[in-house]
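Student: Got chain X; can you put chain F on it based on the hints?
What follows is each chain in one-letter form.
Number of protein chains: 2
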Amino acid sequence: MKTVPLHVGFVGTGLIGKATLKQVGAHAPSLLATGGLDLRIAACADSKHMILASSADGMNPDAVDAAVGDRAVAEWDAGALAAETPVAADLDALVEKIVAHARATPDGAAVIVDNTSSDAVADRYGEWLAQGVHVVTPNKKANSGDLQRFRRFRAVADESGARWLYEGTIGAGLPVVSTLRTLRASGDRVRSVQGIFSGTMSFLFNTWDVGAGQPFSEVVLAAKKAGYTEPDPRDDLNGLDVARKVVIAARESGVDLALDDVDVQSLVPAELEDCDVAEYERRLPEFDGVIAEQAAAAAAEGKVLRFVGKVDAEKGTGSVELAKFDASHPFAGLQGADNILEISTARYSDEMSSTPLIIRGPGAGAQVTAGGVFGDLCKLGAVLGARVPV
Amino acid sequence: MKTVPLHVGFVGTGLIGKATLKQVGAHAPSLLATGGLDLRIAACADSKHMILASSADGMNPDAVDAAVGDRAVAEWDAGALAAETPVAADLDALVEKIVAHARATPDGAAVIVDNTSSDAVADRYGEWLAQGVHVVTPNKKANSGDLQRFRRFRAVADESGARWLYEGTIGAGLPVVSTLRTLRASGDRVRSVQGIFSGTMSFLFNTWDVGAGQPFSEVVLAAKKAGYTEPDPRDDLNGLDVARKVVIAARESGVDLALDDVDVQSLVPAELEDCDVAEYERRLPEFDGVIAEQAAAAAAEGKVLRFVGKVDAEKGTGSVELAKFDASHPFAGLQGADNILEISTARYSDEMSSTPLIIRGPGAGAQVTAGGVFGDLCKLGAVLGARVPV
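Protein chains in written order, with the UniProt record's numbering: chain X, 1 to 390; chain F, 1 to 390.
The following block holds chain X by itself, in its conformation from the complex (with noise of 0.2 Å):
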C-alpha cells in the first residue's frame, strides 16, 4: 500500500483546534495501518506561541491528546511532542517549517488546518496555496469574505494544485460543500439552496410557543441565559452570520456572490442597532408587537415562521428573511438547535419530478466541527493517493 506523509500544521487551539488535535492524534495511527495516510503534527500554534516538530516525522500523535488539554501551547508538554521548546509564533516560520519537512519526505505534502476565526490568517491562504501548501478549514473569513480575494485564491489553487477545502464552514461537520461539490461535478445544476444555517435562529423559532402568545422578546433573553445566543444577541439576530452562510453556499453552487450582494432581513429593530446590550434587552418587549403579527398571520394559513438563507441560483440572488412555511415543511419540524438544509437542482426537483435533497442535523459543536475538518483532511488523503475510503 502506497503511504502519503502529509505533514499538518494547526493553527489555532481554541475549543475546535483542541478537539481536532485530539480527534487527529487518536486516531492518526490507525488511518496510517488502514490507508497508508501519514498525517505527521509538524506544527501547532496558537496566537501567541507555536511548537514545531524538528524531525520530519512530526509530534508523537499518542503525546497530542495528554499534551493539548486545556492549556495555551506554551504549557504544553513539549517534551513528549518533540524535541522543541514552544516559540512566539510566527505564521512565516511555521509553514516554512511543514514545506522544508514536506520536501524532506518522499511523496510529502504539507498542509495548514486553519482552527482561527481571524481574517489575518486567512488572507495568507494564498501564499500557501500558491506554492502548494493545501489549506483545510472551517474559518469561513476567506470563503465568506471579498469576493475578489476569494477568486484569486481559488485561482492560485486551481493553478498550483493545492487543494482548499472548508465542509467545516457551512453547517460544521455537515456533508454540504462535499455534497453541492460532487452534483455539480457529476453535471447536475444547482436551482436553489435554502436553509435555516443558523443555530441560534433555529433555536429560537423552534422554541418560539406562538400558540400561547409567548412574546419573542420572552424567547431571545431565555436564549442569551441558556448561552445559546452571542453575548450580545444582536449579532445573531441581525443576520450577518446567516449572510455568511448563502455567501458560502452561494459560491458552491456557482453563483459568485459577495456578502453586500445579499439581502438581509435583520430581526434587530433599527431604532436598537446602536444602543448597548443593556439597553437593548430592556427595550426588545416594545417591539413584541410587530413579530407576533407575523407570526399570527403566518399560524392563520397554517404556516410557521423560520428565519432562512436563501440561493436562487437560477436568479443568481441570495437573502436572508423571515419565510412563512407549512406545517408539513422540513423547516416547521425542526428541533432545538440544529441546521437544516434543502438543496434543488436539475435533477433534484420537480424538473426530474423529484423532490429535494435535505440535509439536517448539528451546525455547530466542537466535536462535529473538528469532525468535518478531520473528514477534509481524509479526503485530502485520499485525492494525494492514500487508500483513504471516499
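Hints should not be assumed to be uniformly reliable.
Repeated chains share a single entry, so a pair holds when one copy, or any two copies, can fit it.
In silico DSS-like cross-links for lysine-lysine, where the CA-CA straight-line distance does not exceed 30 Å [said to hold, decoys possible]: (1) K315 - K22; (2) K140 - K315; (3) K2 - K315; (4) K303 - K324.
Since the hints were made in silico from the structure, they are not lab data.
Tutor: Relative to chain X, chain F alone:
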C-alpha cells in the same frame, strides 16, 4: 493541469444505464476542461450486444446522447460513436478491451460501471478489481449479498488498490455511503443507522389516513394502481428490499452482516405468502384489522407507524420492522416516496450533546441514481489525481 484518462466500460442499458450514459456524454467535455478528468466511453453493453471503442480515445461523448435514445445497443448509431459495429455481448472481451486501452494510455485507468441488477455481473467484480479495474455501481447484489464474497471483493480491492464505489445502492444519489465512509475514516464511531429505505413503503405509510379509518389494503392497492409498487406488492411488503439496504448500511458502519442475520418483520400475512398475486390482492382486506390495531395503539400515544430498517452497530444487529415514532420525529413528517435516514455516531449523539445526522430525499429514480453513479466516477477521478472538486 494533470490529465487523468479513465476508460469506462458501461454494462447495462436500462433506465439507469441510459441516464448515466447521457449524463456522462453531456458533461464529459466540461469535466475534462475544468478538472482534467478525461472520461472515455470505451465500451457499452447490454445483455445481448456490446459496442467497443476501436480507439483508446473512446467514443465521441457528443454522439453518445444521440446514439443511445431508447434503443438497444444493437440499434445504436455505431458509426457516430466509433469505427466498431455492435457485436454479441462478451464481458471478458469488454474488460480486456478497456484494460488494453488503459494500458496503451499514459496514466490511463479502467473502470466498469455496472448498471445492471445482475448477480452474474456482480460475481465478476472480484476478478476485475484484482487486475486493478475499478468498479462503480448501483447494483446491490454484491454489497448486500453473500458476506464471504463481499469480504473477498473488499480484500481484493484493498490488495490491488482498485476502488469499489457504490453510492447508488442505498438512497439512490443521496450522500449516504460517502458520509458513513468519511465519518469512520475520520475516527467517528457509528452507533446506529435507521431509516426509511424503500420509496414504496415510505409512500404507503406517509399516505395512509389512519385517522379516517382508511383500510391499509386500500392504500396498498391504490399504490399499486399508481405504479408505486412492484407488480407483486409482496416484493415490497416482505421487507427483503429494505433488508438489503440494512446490510449495506451495516457493512458501511463496520458491522459485517449477512442478509440472513437481519431480523425481518414481513408485512405479508403468512397465509398469503404462497398464493398468486390475484388471490393476495383479493384477500388482503381480511388482514386490515391487525395493522389497524397497531396504528390505533400508536395514535393513542401520539405516534405513527413507519416501516424502517435499523442497524444497531453497537450490538452488531440489523432489523426491518414496523416501528412507532413520535409525531415530532423526522420520520413522521416524511412525505411522498422520500427516503430518510438518521445516523447516530459518537460525535452525532447525546454522548457529545449532539443530535443525529439526517439525510432525506428521493431514494429512487433514474436521474438521481445515475447522478450517484456519475458522482462516484468523479470521486474516482479525484483519487486518481484529477482536479475534481471534493
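Student: Take the hints in turn and mark each one as holding or not.
Tutor: Verification of the supplied hints:
In this assembly of identical chains, K315 and K22 lie within 30 Å of each other by CA distance solely across copies; the values are 27 Å between and 43 Å within a copy. Taking the closest pair of Cα atoms, K140 and K315 come within 30 Å of each other only inside a single copy of the chain (24 Å); across copies the shortest separation is 39 Å, beyond that limit. In this homomeric assembly, K2 and K315 never come within 30 Å of each other (Cα to Cα): the closest approach is 46 Å inside a single copy and 34 Å across copies. Taking identical chains as interchangeable, the C-alpha atoms of K303 and K324 lie at most 30 Å apart whether they share a chain (6 Å) or sit on different chains (26 Å).
Consistency note: the structure conflicts with earlier hint 3 alone.
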